[in-house]
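Chemist: Sequence:
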Amino acid sequence: MSGLYQNFVKNIVYPLETIRIGSSARRHLAELERSQFFSPEKIKELQVERLRRLLIHAYENCPFYTDRFNQCGFNPRKLQTIEDMQIIPVTTKKDIQDNNERMRAVNYSDDQLEPNKTGGSTGSPLFFYHDMDRIYSREASTFRHNRWAGWDIGMKTAYLWGHRGDLSGVQNVKARLRNLLLERRLILDTSSISREKLTAFNQALNKYRPEIYIAYANSIFLFARFLKETGIRDYHRPRAVITSAEVLEPSQRQVIESVFECRVFDRYGSRETSLIASECDRHSGLHLCAETLLLEFVREGKPTSPGQPGKTLVTDLLNFGMPFIRYQNEDTGCWTGNNCGCGRGLPLMSIAGGRITDFLITPEGQIISGAALTIYLIANAPGVAQAQLIQENINEVTFRIVKGEKFGDATLRFFEREIPRFFGPRVKYSIEYVENIPLESSGKYRFSISKVDPSEMF
Numbered sequence: 000m001s002g003l004y005q006n007f008v009k010n011i012v013y014p015l016e017t018i019r020i021g022s023s024a025r026r027h028l029a030e031l032e033r034s035q036f037f038s039p040e041k042i043k044e045l046q047v048e049r050l051r052r053l054l055i056h057a058y059e060n061c062p063f064y065t066d067r068f069n070q071c072g073f074n075p076r077k078l079q080t081i082e083d084m085q086i087i088p089v090t091t092k093k094d095i096q097d098n099n100e101r102m103r104a105v106n107y108s109d110d111q112l113e114p115n116k117t118g119g120s121t122g123s124p125l126f127f128y129h130d131m132d133r134i135y136s137r138e139a140s141t142f143r144h145n146r147w148a149g150w151d152i153g154m155k156t157a158y159l160w161g162h163r164g165d166l167s168g169v170q171n172v173k174a175r176l177r178n179l180l181l182e183r184r185l186i187l188d189t190s191s192i193s194r195e196k197l198t199a200f201n202q203a204l205n206k207y208r209p210e211i212y213i214a215y216a217n218s219i220f221l222f223a224r225f226l227k228e229t230g231i232r233d234y235h236r237p238r239a240v241i242t243s244a245e246v247l248e249p250s251q252r253q254v255i256e257s258v259f260e261c262r263v264f265d266r267y268g269s270r271e272t273s274l275i276a277s278e279c280d281r282h283s284g285l286h287l288c289a290e291t292l293l294l295e296f297v298r299e300g301k302p303t304s305p306g307q308p309g310k311t312l313v314t315d316l317l318n319f320g321m322p323f324i325r326y327q328n329e330d331t332g333c334w335t336g337n338n339c340g341c342g343r344g345l346p347l348m349s350i351a352g353g354r355i356t357d358f359l360i361t362p363e364g365q366i367i368s369g370a371a372l373t374i375y376l377i378a379n380a381p382g383v384a385q386a387q388l389i390q391e392n393i394n395e396v397t398f399r400i401v402k403g404e405k406f407g408d409a410t411l412r413f414f415e416r417e418i419p420r421f422f423g424p425r426v427k428y429s430i431e432y433v434e435n436i437p438l439e440s441s442g443k444y445r446f447s448i449s450k451v452d453p454s455e456m457f
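Once you know that position 385 of the sequence shown is 384 in numbering that gives the first Met the number 0, the rest is easy, because the numbers rise by one and skip nothing.
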């Protein structure tokens, strides 16, 4: 019965709904299913064509880009290669905050745009817009990448999600009806997690039995570890787990796959520019959604070589309502330089870490992933339930610790031994004991807070 209803949703309910609301998602999805197997050369040709169209539009309709292109002497109509756009200055979050209305396209009215926002690492929100066709193409991108994990339209999914703003849209009666008949999503709020809540999650998942879990990486890791450590055997095993929103460490992937007896498909995206890249079933890297986005990795203003991390610049090729051109999203990554055995022509990339501010700098100038170090502490320090690192300056690190049941002298000896191994002998550290570590306003668990800018190391 479940398979019959899934096919009914896929072949009848979803097509009728897209017609009813005037959505272009089905057209975009069909195009994306074809273009993913284009050759790398043909995909680059498509990127150049779409980039030229976007840049001409931005110059003619967005006052911010009109001035910016004039100031740097850039003529979008003469663009022949992707490299030609490197003369355009990088767009920062401050540029968007200071020029929000001037970045909007004057030929798009308010009812043609959908407002959105994200919390920045500085705590000040970033407001932006997507035109409606971009909303639909974003949906199509997500659908295609979900299919790589074995999902299809009409299947049941469960979201273990930490952003409360994303959950508010399923509260009213109309949204609940749409979810019941079409989207078929079970939403589990992981903005705060307790033993009781994880027990309730397990009961809800056993009852709903979704095919796919889509989750914040840390949320699904904590849930998997809870099931493993409590010895619970009566729990649902999905076809696949899709992780997002946070850096997925190899040790986390191993636990998740072992507990749920399925593969993990990691992905990378941002609220500003949609889903950026995902793993396919070969798990050889993250395939860029190159038909909709253009990525650059730069170091000291120049493109990096494969395998060399750099600052991530994103150009959204399809958001004409408020173009994001060479947008620095505060992440670091690199091209792998490898081809994937799946046959897709979409380039492979990897993320060197989450936000740049997640990295910590040792007095010797080494960059350390705060996320990886914190996970290491949780996994190996006896009695540490949760941890967060705060770096005020290059010589001082504070560890905020939530004590677990086994916290004691062995924990302190572990810190005395391991902290110098990571940070070197010159760093000074202190431990602050707290009851809990709150999530960011975005709903993400911030592993580290650094007052030292590691981008200077690039």
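Just so you know, the hints here were simulated from the structure itself, not pulled from any lab data. Glycine residues also receive a C-beta, built at the ideal position from the N, C-alpha and C atoms. Do not take every clue at face value.
[Unchecked claim] Once the Cα atoms are required to be at most 30 Å apart in a straight line, the calculated DSSO-like pairs of lysine-lysine come out as: (1) K227 to K206; (2) K227 to K93; (3) K196 to K206; (4) K227 to K77; (5) K155 to K92; (6) K77 to K116; (7) K155 to K93.
[Unchecked claim] Computed beta-carbon distance windows for the label pairs: (8) N99 to N74: 19 to 27 Å; (9) Q202 to V433: 49 to 57 Å; (10) I55 to T198: 29 to 37 Å; (11) Q79 to E260: 48 to 56 Å; (12) I18 to I55: 25 to 33 Å; (13) I18 to E100: 48 to 56 Å; (14) G300 to P424: 28 to 36 Å; (15) E100 to E44: 51 to 59 Å; (16) T80 to F36: 56 to 64 Å.
Chemist: Are the Cα positions of K227 and K77 separated by 30 Å at most?
Modeler: violated, 59 Å
Chemist: Go ahead and decide if the range 48 to 56 Å is satisfied by the Cβ distance of Q79 to E260.
Modeler: Between Q79 and E260, where Cβ atoms are some 51 Å apart, the hint holds.
Chemist: Starting from the hint 49 to 57 Å, judge whether the C-beta atoms of Q202 and V433 obey it.
Modeler: Once the Cβ atoms are compared, 30 Å apart, the range 49 to 57 Å for V433 and Q202 is violated.
Chemist: Would you mind confirming whether the straight-line C-alpha gap from K227 to K93 stays at or under 30 Å?
Modeler: violated, 44 Å
Chemist: Is the hinted range of 19 to 27 Å satisfied by the C-beta distance from N99 to N74?
Modeler: holds, 26 Å
Chemist: So does I18 sit 25 to 33 Å from I55, Cβ to Cβ?
Modeler: Taking Cβ atoms as reference, I18 and I55 lie about 31 Å apart, which means the hint holds.
Chemist: Verify the CB-CB distance for I18 and E100 against the hinted window 48 to 56 Å.
Modeler: violated, 34 Å
Chemist: Within 29 to 37 Å or not, the Cβ separation of I55 and T198?
Modeler: Given about 56 Å between the Cβ atoms, the range is violated.
Chemist: Is the straight-line distance between the alpha-carbon of K227 and that of K206 30 Å or less?
Modeler: Holds, at roughly 20 Å.
Chemist: Hinted pair, alpha-carbon criterion (30 Å max): K155, K93. Please report holds or violated.
Modeler: violated, 40 Å
Chemist: Within a Cα-Cα threshold of 30 Å, do K196 and K206 meet the stated pairing?
Modeler: Holds, at about 15 Å.
Chemist: Given the hinted pair K155 and K92, is their Cα-Cα distance within 30 Å?
Modeler: The given pair, whose Cα atoms are some 36 Å apart, is violated under the 30 Å limit.
Checked against the numbered hints above, the structure violates hints 2, 4, 5, 6, 7, 9, 10, 13, 15, 16; every other hint is satisfied.
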